[in-house]
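There are 2 protein chains.
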Amino acid sequence: MTSNTVAELLAQKTKTEKVSVKGWVRTFRANRFIALNDGSTLNNIQCVVDFENFNENLLKRITTGAAIHVLGELVESQGKGQSVEIQVKELEVLGDSHPVDYPIQPKKHSFEFLRKNAHLRTRTNTFSAVMRLRSSLSFAIHKYFTENGFYNMHTPIITGSDAEGAGEMFRVSTLDAKHPPLNEDGSINYKEDFFGKETNLTVSGQLEAETYAMSLGKVYTFGPTFRAENSNTSRHLAEFWMIEPEVAFMDLDGNMDLAEDFLKDVLNYILEHNADDLEFLEKRLIDEEKSKPQTERSPMPLIEKIKFVVDNNFKRVSYTEAIDILRNSKPNKKKKFNYLISEWGADLQSEHERYLVEKHFKCPVILFDYPADIKAFYMRLNEDGKTVRAMDILFPGIGEMVGGSQREERLEVLKEKMKALDIPEEELWWYLDLRKYGTAVHSGFGLGFERLVMFATGMGNIRDVIPYPRTPQNAEF
Amino acid sequence: MTSNTVAELLAQKTKTEKVSVKGWVRTFRANRFIALNDGSTLNNIQCVVDFENFNENLLKRITTGAAIHVLGELVESQGKGQSVEIQVKELEVLGDSHPVDYPIQPKKHSFEFLRKNAHLRTRTNTFSAVMRLRSSLSFAIHKYFTENGFYNMHTPIITGSDAEGAGEMFRVSTLDAKHPPLNEDGSINYKEDFFGKETNLTVSGQLEAETYAMSLGKVYTFGPTFRAENSNTSRHLAEFWMIEPEVAFMDLDGNMDLAEDFLKDVLNYILEHNADDLEFLEKRLIDEEKSKPQTERSPMPLIEKIKFVVDNNFKRVSYTEAIDILRNSKPNKKKKFNYLISEWGADLQSEHERYLVEKHFKCPVILFDYPADIKAFYMRLNEDGKTVRAMDILFPGIGEMVGGSQREERLEVLKEKMKALDIPEEELWWYLDLRKYGTAVHSGFGLGFERLVMFATGMGNIRDVIPYPRTPQNAEF
Numbered sequence: 001m002t003s004n005t006v007a008e009l010l011a012q013k014t015k016t017e018k019v020s021v022k023g024w025v026r027t028f029r030a031n032r033f034i035a036l037n038d039g040s041t042l043n044n045i046q047c048v049v050d051f052e053n054f055n056e057n058l059l060k061r062i063t064t065g066a067a068i069h070v071l072g073e074l075v076e077s078q079g080k081g082q083s084v085e086i087q088v089k090e091l092e093v094l095g096d097s098h099p100v101d102y103p104i105q106p107k108k109h110s111f112e113f114l115r116k117n118a119h120l121r122t123r124t125n126t127f128s129a130v131m132r133l134r135s136s137l138s139f140a141i142h143k144y145f146t147e148n149g150f151y152n153m154h155t156p157i158i159t160g161s162d163a164e165g166a167g168e169m170f171r172v173s174t175l176d177a178k179h180p181p182l183n184e185d186g187s188i189n190y191k192e193d194f195f196g197k198e199t200n201l202t203v204s205g206q207l208e209a210e211t212y213a214m215s216l217g218k219v220y221t222f223g224p225t226f227r228a229e230n231s232n233t234s235r236h237l238a239e240f241w242m243i244e245p246e247v248a249f250m251d252l253d254g255n256m257d258l259a260e261d262f263l264k265d266v267l268n269y270i271l272e273h274n275a276d277d278l279e280f281l282e283k284r285l286i287d288e289e290k291s292k293p294q295t296e297r298s299p300m301p302l303i304e305k306i307k308f309v310v311d312n313n314f315k316r317v318s319y320t321e322a323i324d325i326l327r328n329s330k331p332n333k334k335k336k337f338n339y340l341i342s343e344w345g346a347d348l349q350s351e352h353e354r355y356l357v358e359k360h361f362k363c364p365v366i367l368f369d370y371p372a373d374i375k376a377f378y379m380r381l382n383e384d385g386k387t388v389r390a391m392d393i394l395f396p397g398i399g400e401m402v403g404g405s406q407r408e409e410r411l412e413v414l415k416e417k418m419k420a421l422d423i424p425e426e427e428l429w430w431y432l433d434l435r436k437y438g439t440a441v442h443s444g445f446g447l448g449f450e451r452l453v454m455f456a457t458g459m460g461n462i463r464d465v466i467p468y469p470r471t472p473q474n475a476e477f
Numbered sequence: 001m002t003s004n005t006v007a008e009l010l011a012q013k014t015k016t017e018k019v020s021v022k023g024w025v026r027t028f029r030a031n032r033f034i035a036l037n038d039g040s041t042l043n044n045i046q047c048v049v050d051f052e053n054f055n056e057n058l059l060k061r062i063t064t065g066a067a068i069h070v071l072g073e074l075v076e077s078q079g080k081g082q083s084v085e086i087q088v089k090e091l092e093v094l095g096d097s098h099p100v101d102y103p104i105q106p107k108k109h110s111f112e113f114l115r116k117n118a119h120l121r122t123r124t125n126t127f128s129a130v131m132r133l134r135s136s137l138s139f140a141i142h143k144y145f146t147e148n149g150f151y152n153m154h155t156p157i158i159t160g161s162d163a164e165g166a167g168e169m170f171r172v173s174t175l176d177a178k179h180p181p182l183n184e185d186g187s188i189n190y191k192e193d194f195f196g197k198e199t200n201l202t203v204s205g206q207l208e209a210e211t212y213a214m215s216l217g218k219v220y221t222f223g224p225t226f227r228a229e230n231s232n233t234s235r236h237l238a239e240f241w242m243i244e245p246e247v248a249f250m251d252l253d254g255n256m257d258l259a260e261d262f263l264k265d266v267l268n269y270i271l272e273h274n275a276d277d278l279e280f281l282e283k284r285l286i287d288e289e290k291s292k293p294q295t296e297r298s299p300m301p302l303i304e305k306i307k308f309v310v311d312n313n314f315k316r317v318s319y320t321e322a323i324d325i326l327r328n329s330k331p332n333k334k335k336k337f338n339y340l341i342s343e344w345g346a347d348l349q350s351e352h353e354r355y356l357v358e359k360h361f362k363c364p365v366i367l368f369d370y371p372a373d374i375k376a377f378y379m380r381l382n383e384d385g386k387t388v389r390a391m392d393i394l395f396p397g398i399g400e401m402v403g404g405s406q407r408e409e410r411l412e413v414l415k416e417k418m419k420a421l422d423i424p425e426e427e428l429w430w431y432l433d434l435r436k437y438g439t440a441v442h443s444g445f446g447l448g449f450e451r452l453v454m455f456a457t458g459m460g461n462i463r464d465v466i467p468y469p470r471t472p473q474n475a476e477f
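Protein chains in written order, with this note's numbering: chain Y, 1 to 477; chain S, 1 to 477.
Some hints here could point you the wrong way.
The list makes no distinction among identical chains, and a pair is therefore deemed to hold if it is satisfied within one copy or across any two copies.
Subject to a maximum C-alpha distance of 25 Å in a straight line, what follows is the list of computed DSS-like cross-link-like pairs (lysine-lysine) [to be verified]:
#1 LYS307 / LYS336
#2 LYS108 / LYS436
#3 LYS417 / LYS436
#4 LYS417 / LYS375
#5 LYS315 / LYS359
#6 LYS436 / LYS116
#7 LYS264 / LYS362
#8 LYS386 / LYS334
#9 LYS89 / LYS330
#10 LYS116 / LYS197
#11 LYS143 / LYS264
#12 LYS80 / LYS197
#13 LYS436 / LYS60
#14 LYS116 / LYS191
#15 LYS80 / LYS108
#16 LYS415 / LYS386
#17 LYS386 / LYS292
#18 LYS417 / LYS264
#19 LYS419 / LYS359
#20 LYS197 / LYS178
#21 LYS290 / LYS107
#22 LYS415 / LYS116
#23 LYS417 / LYS283
#24 LYS191 / LYS178
#25 LYS107 / LYS436
Don't read these hints as lab results, they were simulated from the structure.
So that you can see chain Y by itself, here it is in the shape it has in the complex (with noise of 0.2 Å):
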C-alpha cells in the first residue's frame, strides 16, 4: 500500500479507504490523540487511537520525534481544529526519539539554542515554515524568468579575477597552507597552484552574466556568493545566495521596471500558494513583537505588508531628491542621525534609508541617479559627468534589497575609469571585449535571496532564513 503525505489527507477532507502515512510525533496527548507531522504541510494530521486495542509498551514509544507508520481510516473529525483525522488501526514505531535526550520538546525554544540544533529546527512550525517559503521562492525566482524569456546561468564559483570589487574575498587553494611555494622573490608561486594562478570565492555573476546578456540577451543567475567580511551582524552572511539579472538593450528605467515586477510577481506567488505558513508567521511575529514598545512594532501584519508591496507602486526618487529631502528631516536638523546629511555626494547610511522608506514615503523606494564617485566602476556614467545610472530599492525593515544599474557601454569612458580605479585592463580583456564587439545599453541587478526571504517571513535574522548559515567563527554542520 502506497502511503499517503499529510498534505494529500487534509486536501481530501472527506471518509475515504484506508490510509496509510509516514511522519513524526509532534505531540502525544491524553494517551490517545497524535499530532504527526511529515513536513508536506504546516499542518499535523490528528491520528486517534483506542489505547485499549494498542500494546502499552508500544503507546509509550509514541514520544515527540518519533518516526512513526500509521494505518487506519480517514474520517471526519469529531473534535475542533481539523476537518479530518485518522482512526488508527495499525501503529509501528520505526525510529524512536528520547523523551527526555530529544533537544526539541513540545515547547518555545530560542532562536538561538535552534541555531545551535540547525539539523532539527526544521522539525518546529517556525523553520519548517520558513524554509518552505524559502523554498517556494526559489521556485517562483525561476518561474518568473523563465517565463519572461530569460536563460539560466550558472557563473563561476571560484574565480581568478580579483577585480569584482564588491567586497572582502575568500582565497581558495590547494598548496601547502604552512610551507607554500615561494618565487625567488619571497612571493608565494601560484603557479603551482591548482589553477595556476591566485583564486578567490565569486562576490558576484554580474561581470560573466554581461557576457551572456550580449550574447543570448535576457539572462539571469542564482547562485552562491561570498563576503570575507567580519560583520557579526542580523543582516549579514559570510555565504548567500544571490539573484542576478542582466539584459541587453535594456535601459536604466527598463531595469527599474523589471525589478518592481519581479518583486511583485515572486512575492505574490507566496501569497498564492504558501497562505498556511504566511498565517503561522504572522502570527508569531505578533507574539514576538507583544514584548516590544508599541513603536518597535512592524507597522503592519505581515501579510498585510507583503500585500502592500504587491499592490503598490515603488517610489522611484533621485539621490539628489534624496539629499534634500534628508537634509531637510526632523533628525537631520535634531542631530539625531548618526552621520548628519550635510552635502550632496555623501553615502547614505542604513539608518536614511530607513528614515526614507518607513518615515517619510511609508513604501518601497527606488533611488537612483547616485553619485559616481560612490558607485562601482562598471556603471554609467551620466551626461551630467558627476552621477552614475545606478538605482537601490529600499525595503522597510530590510533596507536595501536590490542594487543595479546601467552598465558602461563606451569602450573609453569604461577604460578611463579602470585606469582611474588601478584596475588592471589585462584582468578584465572580456569583458572590455564586450564593449569592442557590438555593444549596446544593457542593465541588471543584483537581489540577495536571504533579504527576500526576511522580508517574506518576517524574520528578524539572517542566520534564521538560511539552513546552515555561515558567519565569523561559524561554519558548523
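Got chain Y sorted already, so can you dock chain S onto it with the hints?
Same frame as chain Y, but now just chain S:
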C-alpha cells in the same frame, strides 16, 4: 515603441504593423540581407535593406558582430528559408564590430579556439543552443521537484566537515597565505581563520540534505560542488553543479523509480520546449562524426537517442549479475579490458560500464547492491552483510549519470562503519542525531548536471556545456 524579440517576430508568422528589433548581425549578404540574432532563439530574422536608400557609410558598419537597431515592417518572406522577414525602414548601429578583429567570424571555429573566447562563444549557434538547453534542463529540474512535493534546499558551499569523503577538497581561508599563524606545536592555528576552523569547499550536499529530508520529507539541492582532483579529462571539472534529492521513508526501489521518472521527465521537457536547438545540435553531431570511422559514431541521432531514453524502461541489474555478465563477456575472455574481471568485489571501471550499457543491454542500466567495501560509509548495509543498497545509473556515451543509495538508518551499524573508517563521531554528531531521534528508512541520489547536459546536447567535452569551466591550471574569466 517597444522592441520585439526575434523569437516573438518569427512566431507571429504573419504580416503585422511596424516592428522594432535589436540584436547582433550574424551575416550581411549582397549589401541587402542582414541575418539578425538576439539570442531569444537559434533562428535569425532576415532584415532586407534597400541599399539604394541608405547611406553607404552606414551600410559599411553592418558587419558580423555589430549590434544594430532595426525598424521596419514584418512581411511574408519572398525568399526561402524563412516565412517572414523585415523590410527595413530605419537602421541604427548601436555598437560596431571590427570586421577583421572580431574573433567570431562567420566560419567554423574549433571548440578549442572558442574555449579561449568563452566570453563570446554563445554568439555561435552551437553554444547558444547548448546554453539554452542547459537553462531549459535547469528549469525542468526545479519544475519536476516542485510539482512532486519536494522543497529546494541550499546546502552550504563552505564546509567545516571533511567527512563527506567524496574526493579531494579545496581549502578556503583568509589567513595570511605566506605566514599563517601557528600553534605552539608548529601546526597552523586555524582558530584564527575566518570560521575559527579549517574549512573547504563542499563535495556534496547530501549529508545536510538528509537533515532536511528527516523533517520536511522530500527535499533536493541544486548547487555547485567541487573536486580538487588533477583530472584533465573531457569528463571532469573542478567545479560542477549537482542535483541531490533526498526522501524520507523511501527505500532503494523507490529511489530507482524516482531517478528514472525524473530523468525521463526532464528530457521530455526539452523535447517539448527546445526542438530547434536539438535539431541543430543533432545535425552538428552528424557532421562532426562524418570524419570518424563508422564504429565510433553515435548509434542513434541525438533526438532519437533522447526519445529512446524517455520511452524505454531502464534495465535494473544487480552488481552480482553484472559481474557474471562481464566475466563471461568477449572482451574479458579475450583480455581486451584493461582491468580484467575475475572476482566478485571488483570495482567497475568505465570500460566495464560502457560494455554493459552500450554493448550488452543497449539502454540505460541501473546497477544496484554493490559490495560494501567499494562504496561510501553512509550506505545501508544489506542483510547479507557484504553488499549495500547502492545504485548507479549508467547512460550510453556518458557512463555514470546518477549515483545514489538508501542511507544507513541504524545508529549502531552506522557508528561501527564510521569507526572502521576512522571517521570521528564528533565530526558528524549532527548526522548521528538523525539516527537517534525518529530515524527512518530514507534514500537519495546525486546527478552531475553537466553530464546530463552533455547527454542532452551531444557535446563530447564537459568544458563545452558550462559557461566558464574550472579545470587544472584554468580559472580564466
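Practice task
Evaluate LYS436 and LYS60 at a C-alpha cut-off of 25 Å and name the case that applies: within, between, both or neither.
Solution key: between (75 Å within a copy, 17 Å between copies)
Can you give me the call for LYS307 and LYS336, within, between, both or neither, at a CA distance of at most 25 Å? neither (32 Å within a copy, 68 Å between copies)
Open item on the list: Within a copy, between copies, both or neither: which one fits LYS191 and LYS178 at a CA-CA cutoff of 25 Å?
Closed with: Answer is both; intra-copy 17 Å and inter-copy 15 Å each pass.
Item to check | 25 Å Cα threshold - placement of LYS436 relative to LYS107 | outcome: Between copies only: 20 Å across, 63 Å inside.
Is it within a copy, between copies, both, or neither that the alpha carbon of LYS436 lies no farther than 25 Å from that of LYS116? For LYS436 and LYS116, the Cα distance is within 25 Å only across copies (17 Å; inside one copy 52 Å).
Within a copy, between copies, both or neither: where do LYS417 and LYS436 come within 25 Å Cα-Cα? within (16 Å within a copy, 59 Å between copies)
- Checking LYS290 and LYS107: alpha-carbon separation at most 25 Å within a copy, between copies, both or neither? within (18 Å within a copy, 70 Å between copies)
- Task: Have a look at LYS417 and LYS375 and pick one of within, between, both or neither, based on CA distance no larger than 25 Å.
- Result: Close inside one copy (11 Å), not across copies (55 Å); limit 25 Å.
| query | Is the C-alpha distance from LYS415 to LYS386 at most 25 Å within one copy, between copies, in both cases, or in neither? | reply | within (17 Å within a copy, 65 Å between copies)
Check your understanding: Taking 25 Å as the upper bound on the Cα-Cα distance, should LYS386 and LYS292 be classified as within, between, both, or neither?
Key -> Classified as neither: same-chain Cα gap 44 Å, cross-chain 60 Å, threshold 25 Å.
_As a check of your reading, is LYS415 near LYS116 (CA-CA no more than 25 Å) within one copy, between copies, both or neither?_
Only across copies: LYS415 and LYS116 sit 22 Å apart there, 49 Å inside one copy, limit 25 Å.
**Intra/inter-copy verdict for LYS116 and LYS197 if alpha-carbon distance must be at most 25 Å** = between (37 Å within a copy, 17 Å between copies)
Hint compliance for this structure: hints 1, 8, 9, 12, 17, 18, 19, 23 are broken, all remaining hints hold.
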